[in-house]
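Chemist: Listed below are the residues making up each chain.
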Amino acid sequence: MPRIQGAMLSLDLRGGALAVEGLMTRARLLEFAPSFGDVATTWTYPTRTSHRRVSAEEQAAMGIGPGLVRVSVGLEDVNDLMADFDQALGR
Amino acid sequence: MLGRADAMARVRDAMIRAGTNLGPFDAWLATRGARTLAVRMERQSASARRAGAHFSSATRPSRASTIPGSRPIPSMRWLGG
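In order, the protein sequence lines correspond to chains G and E. Heads up: the first sequence runs through residues 1 to 91, numbered per my numbering. Heads up: the second sequence runs through residues 1 to 81, numbered per my numbering.
To be clear, the hints were calculated from the coordinates, so they are not data collected in a lab. Heads up, none of these hints are tricks.
Some chain E residues close to chain G (C-beta under 7 Å, calculated; not the full set):
(1) MET41
(2) GLN44
(3) SER45
(4) SER47
(5) ALA48
(6) ARG50
(7) ALA51
(8) GLY52
(9) HIS54
(10) PHE55
(11) ALA58
(12) THR59
(13) ARG60
(14) SER65
(15) THR66
(16) ILE67
Here a beta-carbon is modelled for each residue, glycine too, at the ideal position from N, C-alpha and C.
Could you put together the complete structure from these sequences and hints?
Modeler: Structure below.
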């Protein structure tokens with residue numbers, strides 16, 4: 001059995017909030033969701049959801065910035081996920 | 001849960017009083033899900049590794065960034081909740 005390392009990714013997108021907006025509006029497979037735990041790939045935006053009440057200073061200390069998204073990778077074909085990510089970010 | 005009859009009697013009593021027991025349908029779903037848990041975890045973990053490597057070119061290093069397999073996972077305590 002291969003080593004299980006988990007399916008959670010935390011990505012600090014180079015394009016910042018603009019890149020996150022692209023993901024929000026253009027992604028078709030990567031689904032924005034309030035919580036995780038599905039066989040589908042879902043993602044959240046901590047600075048505006050789970051950590052929205054945390055002060056800007058504390059968020060910065062935690063490494064939470066305007067480009068940070070958390071992705072729970074699901075059971076879809078990973079090539080479809082990668083293609084969706086690329087088209088959403090326009091790359 | 002499994003256990004000696006006397007211990008299970010106490011558990012049963014506590015479950016009935018506290019209402020923490022699963023309904024039959026939920027219990028059936030849980031046991032059915034457990035059968036495929038290993039293959040789902042393998043698939044998700046392998047996909048996350050590949051997707052993480054692919055996504056990493058669009059990301060910048062930061063304290064909160066974690067990509068399984070590519071570097072040690074720092075400060076997970078910040079990311080709970």
